[in-house]
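Number of protein chains: 2
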Amino acid sequence: MKRVKLIVAYDGTNYSGWQIQPNALTVQQVLNEALEDLLKEKVTTIGASRTDTGVHARCNVVVFDTEARMPGNKFSYALNTRLPEDIRIQSSEEVPPEFHPRFTETVKTYEYKILNRRFPDPTRRLYSLFCYYRLDTEAMRKAAEYLVGEHDFRSFQASGDIDPNRSTVRTIYSADLTVEDEMITFRITGSGFLYHMVRIIAGTLLEIGRGVLPPEVMKDIIEAKDRSKAGPTAPPQGLTLMEIRYPEWEKDID
Amino acid sequence: MKRVKLIVAYDGTNYSGWQIQPNALTVQQVLNEALEDLLKEKVTTIGASRTDTGVHARCNVVVFDTEARMPGNKFSYALNTRLPEDIRIQSSEEVPPEFHPRFTETVKTYEYKILNRRFPDPTRRLYSLFCYYRLDTEAMRKAAEYLVGEHDFRSFQASGDIDPNRSTVRTIYSADLTVEDEMITFRITGSGFLYHMVRIIAGTLLEIGRGVLPPEVMKDIIEAKDRSKAGPTAPPQGLTLMEIRYPEWEKDID
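Top to bottom, those sequences are chains A and B.
Quick note: the first sequence uses the working numbering, first residue 10, plus one each step.
Quick note: the second sequence uses the working numbering, first residue 10, plus one each step.
Check before you lean on any hint, since a few could be wrong.
No distinction is drawn between identical chains; accordingly, a pair holds when it is met within one copy or between any pair of copies.
[What the hints assert, rightly or not] Subject to a maximum C-alpha distance of 20 Å in a straight line, what follows is the list of computed EDC-like cross-link-like pairs (lysine to aspartate or glutamate): (1) Lys-122 to Asp-145; (2) Lys-122 to Glu-189; (3) Lys-122 to Glu-94; (4) Lys-151 to Glu-225; (5) Lys-122 to Glu-154; (6) Lys-83 to Glu-102; (7) Lys-122 to Glu-191; (8) Lys-122 to Asp-190; (9) Lys-238 to Glu-191; (10) Lys-234 to Glu-216; (11) Lys-11 to Glu-102; (12) Lys-83 to Asp-46; (13) Lys-122 to Asp-61.
Everything labelled a hint here was simulated from the structure, so no lab data went into it.
Owing to the predicted nature of the structure, the values given are computational and were not obtained by experimental measurement.
Input sequences plus hints: build the corresponding full structure.
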């Protein structure tokens, strides 16, 4: 028996998110079917990030255990021939059986993209949020700085997902804004993210960028620990999971 | 009667190119239907660039004549509500009736994008060509320099489209390569382009980037005036029409 780690990229447009569920097509289901077709055995996959409907990933980390003799690094090619074009394995390798993609210290990076121009651009509509209002990126950048550090991010957690026994404290290592060719990219790196956290932060930054709220309000929203103080949840197509790192494992598995 | 100029952006993925034709869905057909629905009159559109199946546009220039009283600048909003998400009017304005988007001196800019990495990226597959072979971008850049200037580009014209009475001389003002996040962008600006010219140039640059041909061969290919000397026609999804300018009209219409 061995454990294999996959780096999986996908275009979330046509999927009801990562996690397998009845009556909806998910990335995990399609991947499981490709694995079972390849290995002729029942396979259980564990994904590091359970991305939502419509959210994209450059590098979700997935593991599964198999009896197959195929070397770990051969799975990427074998699976890609069995997967649709909107899901592509980026790499595969054998990892120690103790490696768990979710119950391990991680550093995750997400990007939220906002196309800020007068009219939508059809060639960029699937991977960004279109925003007609001219956004003040300096105000957004200033607001994003308040996110950095260890904070209780309860204000940025989807209200339907609250479990009082789970901590809502997370550490954000960086939160930056770049602008190129009318595209604003908000990039955030942290020790973990609550359900809908990046999209609620993006929705709040949009209100700040539009001038509805001043940048300093970000500090107050964090302190309030109240979802109703933050902005709306920004739509999913602007969000992409860019990177997941496992600092304590990197010497072993990278 | 007035003439209205539209700047039209589209994602070419789901269209059989710009030009109306029987038994295939084209951008022009969808636009004409939206115009006729809006104006309740028969409309004839003229597009500056008859982009091919699968090719994208940020800014095709289209004109039509109408009896409607609607001010020229109102057409963009009225049409966008009637168009699918993969076609979007970027601006509209009234222009003098002598303005013809094709029989007027133009400066056109195209981009051809090549994603050069080990595995395809699903979120970039629709707007670039994926290339597994590591490309020598310095060689490609050097080769591209030979394109600049006035040349007979017969070697880069699709062999099915040859009319001995039409000149194949064109002027290329610039041909540059940039690389960012594993994406190679070849950007070319010229007085006009022969049928498939940018895609044949891109196919030739790919052979040079792979080391199949040396960069200097570009000069020989131009001089040969023979389609068989150039590389293959690169696939359409990497190509986007980025800009069309009308130098002699810019004072009047911009």
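Consistency of the hints with the structure:
no., hint, result
1, Lys-122 to Asp-145, "within (15 Å within a copy, 30 Å between copies)"
2, Lys-122 to Glu-189, "both (11 Å within a copy, 17 Å between copies)"
3, Lys-122 to Glu-94, "between (22 Å within a copy, 18 Å between copies)"
4, Lys-151 to Glu-225, "within (8 Å within a copy, 50 Å between copies)"
5, Lys-122 to Glu-154, "within (18 Å within a copy, 34 Å between copies)"
6, Lys-83 to Glu-102, "within (8 Å within a copy, 57 Å between copies)"
7, Lys-122 to Glu-191, "both (10 Å within a copy, 18 Å between copies)"
8, Lys-122 to Asp-190, "both (12 Å within a copy, 15 Å between copies)"
9, Lys-238 to Glu-191, "neither (29 Å within a copy, 40 Å between copies)"
10, Lys-234 to Glu-216, "within (18 Å within a copy, 57 Å between copies)"
11, Lys-11 to Glu-102, "within (10 Å within a copy, 65 Å between copies)"
12, Lys-83 to Asp-46, "within (15 Å within a copy, 55 Å between copies)"
13, Lys-122 to Asp-61, "within (16 Å within a copy, 29 Å between copies)"
Checked against the numbered hints above, the structure violates only hint 9.
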